[in-house]
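*Asks:* Which chain is which? The protein sequence lines are A and B, in order.
Counting in our numbering, the first sequence runs from 1 upward without gaps.
Counting in our numbering, the second sequence runs from 1 upward without gaps.
Certain hints may be false.
Claimed, not checked - Distance windows between CB atoms, simulated: (1) A:Pro-271 - B:Ala-31: 55 to 65 Å; (2) B:Asp-210 - A:Trp-412: 11 to 21 Å; (3) A:Trp-412 - B:Arg-218: 43 to 53 Å; (4) A:Ile-349 - B:Leu-501: 46 to 56 Å; (5) A:Ser-292 - B:Ser-25: 32 to 42 Å; (6) B:Leu-21 - A:Ala-53: 31 to 41 Å.
To be verified - Listing some non-contacts, in silico: residues in chain B with all C-beta distances to chain A over 12 Å: (7) Leu-11; (8) Ala-33; (9) Val-38; (10) Val-52; (11) Glu-161; (12) Val-188; (13) Val-201; (14) Gly-308; (15) Thr-311; (16) Ala-312; (17) Pro-332; (18) Ile-454; (19) Gly-493; (20) Leu-508.
Keep in mind the hints are simulated off the structure, nothing from the lab.
In this text the structure is predicted, and so the values were computed from the model without any measurement.
All C-beta atoms in this analysis are idealised placements derived from N, C-alpha and C, irrespective of residue type, glycine included.
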Amino acid sequence: VIDKPDLEWAALAPELIVIGAAMLALLVGMGRSAASRTATIVITLVALVASTAWVFATFSSTHYGAFAGQLQVDELTNVGRLIAVLSALVAVVLGVRGRALDGRHGEFHALVLCAVAGMGLLVGASGFVTLFIGLELFSIALYVLCALDADRAASLESGLKYLIIGGMSSAVLLYGSSLVYGATGSLTFAEIGGFDDNRGVLLFAGAAMVIGGLAFKMSAAPMHWWTPDVYEGAATPVTAFMSTATKAVAFLALARVLTTAFPQEANAWVPIIAALSVASIVVGNLGALVQSHLKRMLAYSSIAQAGYLLMGIVAWNESGVPALVYALIVYSAMTLGAFAYVVVLEREIGREATYADLAGRGWVDENQSLVRALPGIGLTVCMFALAGIPPTAGFFSKFGLFEGAVQAGYGWLAVVAAIGSVVSLGYYLRVIVELYMRPADQARAAEAAATLPAPSTSTPFGAGVRMPISAGLGVALAALVLLLAFLPERVFDAGCAVRGELVIGGACTQVDAAGAAPSAAPG
Amino acid sequence: MGDSAFSLPTLLIIVPAAGGLIAMSMLTRRAAALTSLVTLLVQAVLLVVAAVQLGRFADAAGAGVVPSCAESAASDGSRLVLAQCSSWFPQWGVSYSVSLGYGALGLVALTTLVTAGASMFAWWADRERPAPMQGLLWLTAACLTGLFVARDLVLFYVFFELMLVPLLLLVGVWGGERRIRATMTMFVYTLLGSLPMLVGVLAVGVAANDAIAADPTRWADGSTFSLPTLAAMASDGTLQLSSWVLVSFLLAFAIKAPLAPLHGWLPIAYREAPAEVTAVLSGLVSKAAFFGMLVIVLPLFPSQLEGGWGTALTWVALVTLIYGSLAAFRQPDMRGVVAYSSLAQMGLIFLGLSAFTGIGSEQALSGAYLQTINHGLISAAAFLYVGIVERRTGEREFSRIGALATGRARLASVGLLMTMIMLAVPGASTFAGELLILSGVFRGDVSGPLVAVIGTCAVVLAAMYALRLVAGIVFSDRTETATDAAAASERFGGDLGVRELLIVGPALLALVALSIWPNMLHRSMTQQPVAIVQPADPLAAAAKEDQS
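The whole structure should be built from the sequences, with the hints applied where relevant.
*Replies:* Laid out in structure tokens, this is it:
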């Protein structure tokens, strides 16, 4: 007789909320009217906000072994959920005025919500079954999202590429977990981690394939080559969502799998992760240098950033994982901020944005409101943050990752990352050079003014005073990037959870074997 | 620090930062200039208060003592304290620790004075987009002030990198034709030094954690990156650092200063930046490298420096001094002369730093400190003076201008005064600085008489380039055709006006005052560099107290 598993529905509430909303959004979004579109957006936003609120309210409450040991809700899960939900929120807001989604608003919002649910499952997974279900749930949603801008061939190409590569990575991950099952006879991470006999080649091959499968999702080199094309082809709000939420949850899931299921093989996988890190830093930074389109540059930049983030997993049993959690939050904020500016710019020029389109946009005329300078300043802050210049949170996230690597004895990796950061200035700085140091192309500006019927009042660069909501969002995200540099203790605490530890008295403390309660011994 | 107390170093950072941000958001040129003026006045008042406080502290506790956070708070119950320690990133052992000791006050005063001159120049030169320029100049000053008062290694690093941001925009937006190339060159060069230094900082943190773990009770109250704690650890050998950590710091500071052969960014950056920004770069930013050497490299790496690296530093500094002097003499343009003379002077200052041990160390270090202040003032004044000539005539090269003295008494007098201080005539404070450095180097353990003799000969070269500079502008006529000189002279117009004198004057007056009354740099201030490098062993000091 199989015991009825303990179904803790509360543990799954944030996912249930968004899945319910996804169905509702699909139904309401069937209409083609403006009212249907507005209703869909409202439903989506309400669901995302409700999910966020639930996660915040229950941030520190933990559920171990829910759903027959398949789901684990702790602070790490909640951090992953928050990144996914808030990225989705940003993506939805960025897409509000998007042309790409005309007539497809139902699908867009339902798919974004499904992806959020899948991401929540992925970071909460405490076994390979849940991990795979979560991965597929958000991956399939993303394949369609990439291709959703179906009027553009590039978007279809993007969706198709992502589908093929993504399918392959899922297969690799699945095959890896089957090898692990073959070696240990278990699919839950804790049992695999506790399995003591015969941890041989089979188990290690499985672990390597799991790393490979998740590395596709985090676009770490050499599993990165789909990234630039897919990011460029997809509608920019979708790209923004993919490049932050997908990457963040893949990192958190990998950190959890490696540290709970394969802690005994650390000597073997740490060098692999370090090699992936170096490859990503080199490929991402060199690739980004030669781009002319902003989205492609951001795609390669996200590969390079994945390299820095991997340093947090290299230093998994030192200060690395708290630093990784912090860095993921900062990375999401600064990347979303940069994409918000790209969205506004693309909407204004009506095509893909290049560096040249930025020329002179940072300045405002003397008779214009200074508020119009804010989007440019926001982009500047995000670029400095991505480059790791203080006092932005980008510096402190890099500082934490570097410190983790140095403490773990990987000083050379930190040196490689430092040199990579110098190279990265070549493209991050170029944005600032264009914004402030080159004059605006007068001929192009005049031409644009002549062909357009009237300047839109809703752009930060047009005649009106209003700032569009996307630009405002970008400014808010840039402010967050500055704010996160101060007092991020809460963020750090969440990092302890990845090692099955709880925060007691400001330090990570080991919990007992049952994983249910903290041990009495002080940290 | 009590809750009701205000920490002066923090205020000294906040005032220019806030002033800069406000100035940036001003809509008119006049409003921005007014904001700059108010910022300057508030900062000046704070500096006077700080000087009085430091004087009282020094009188109470004796010269050469550096106020620590606890001492400063407990000293006299004043509501304006000279140091502050707050936690910032406790997980990483990073604290917000600032102090006006260690000679920081003099450097902060220098920062304020030079920034005021630069800001006035920007206003006089009627730059495009005046408000952001004023704002960015003060933001640079805020970053530099933060760097000079930082007592935490990570905090120092944060300001070291942060000051690049306003500088980058100042050069890139208001620079000459090749400004973007200059910006990129400067930024990439500097970060090529400072990012490896970040790894070095982290390695210091790891070593400090080991030292704390080995003896937790002794280091209980020090956070990982606190510079006084690190210095105390290094002085008794508990801090184990490898040589590559030292190299990462040396490289960063040698690029920032710069020292030959790492000065590749200097010619283009000093030439393409607007004159007032060059004054800041040469007068202030290079001093960040000096300060980094003083508070980080010398205290933390005594054994490595005595074991060969100090000798290497000595010879690099000497080569920089000679190369810079000779190159300055050969430059075809006015700015080139000042730029390379700045390189040479940084070489001299680093030469003083390299005599950090032995009986000459006290002289050499206080000499290096004095010369740092001197050079900050004189190079800023020289760049601003040259900037005025450039702006008025529209020419940069000696072959197109000359003999501007006729009918311009003030231009000639200011130029002559500047030259005399620059070439260090006896009686000038620059002479005192050079004398202290060279006599310290002569008796130094690492450097020795040979280095001192070569250095003395090289210092004489200063007379060559300094005289050539003033002669080329003011007196002699080296223009290819007489019409050139006449045209340049005509474009130059009348003698220096009140505003131009206000730009160059304060720095020169400060130098004259220093020459007459060198004790203005309080004894405790010039002695403190020595106290940092050779800290008293806290245990020994405690034992001494017990006995007495």
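*Asks:* Between A:Pro-271 and B:Ala-31, does the beta-carbon spacing fit 55 to 65 Å?
*Replies:* For B:Ala-31 against A:Pro-271, whose Cβ atoms are near 59 Å apart, the range 55 to 65 Å holds.
*Asks:* Is the nearest CB of chain A more than 12 Å from the CB of B:Gly-308?
*Replies:* holds, 22 Å
*Asks:* Could you let me know if the closest chain A CB is still more than 12 Å away from the CB of B:Ala-33?
*Replies:* holds, 16 Å
*Asks:* Minimum C-beta separation from B:Ala-312 to chain A exceeding 12 Å: can you confirm that?
*Replies:* At about 21 Å from chain A, B:Ala-312 clears the 12 Å cut-off, so the statement holds.
*Asks:* Holds or violated: 32 to 42 Å for the Cβ distance of A:Ser-292 and B:Ser-25?
*Replies:* holds, 33 Å
*Asks:* Do A:Trp-412 and B:Arg-218 keep their Cβ atoms within the hinted range of 43 to 53 Å?
*Replies:* violated, 32 Å
*Asks:* Mind verifying the non-interface call on B:Pro-332? Its CB should be farther than 12 Å from each CB in chain A.
*Replies:* Correct as stated: the minimum Cβ-Cβ distance to chain A is 27 Å, above 12 Å.
*Asks:* For A:Ile-349 and B:Leu-501, compare the CB-CB distance with the range 46 to 56 Å and indicate the outcome.
*Replies:* holds, 50 Å
*Asks:* Examine each Cβ of chain A, and state whether all of them lie more than 12 Å from the Cβ of B:Leu-11.
*Replies:* The assertion about B:Leu-11 holds, with a minimum of 18 Å to chain A.
*Asks:* Mind verifying the non-interface call on B:Val-38? Its CB should be farther than 12 Å from each CB in chain A.
*Replies:* holds, 20 Å
*Asks:* Quick one: work out the minimum CB distance from B:Ile-454 to chain A and report holds if it exceeds 12 Å, violated otherwise.
*Replies:* Non-interface label stands for B:Ile-454: nearest chain A Cβ at 35 Å, farther than 12 Å.
*Asks:* Is it the case that B:Val-188 keeps its Cβ farther than 12 Å from each residue Cβ in chain A?
*Replies:* violated, 6 Å
In terms of the numbered hints stated before, the structure departs from hints 3, 11, 12 and 13, listed from lowest to highest.
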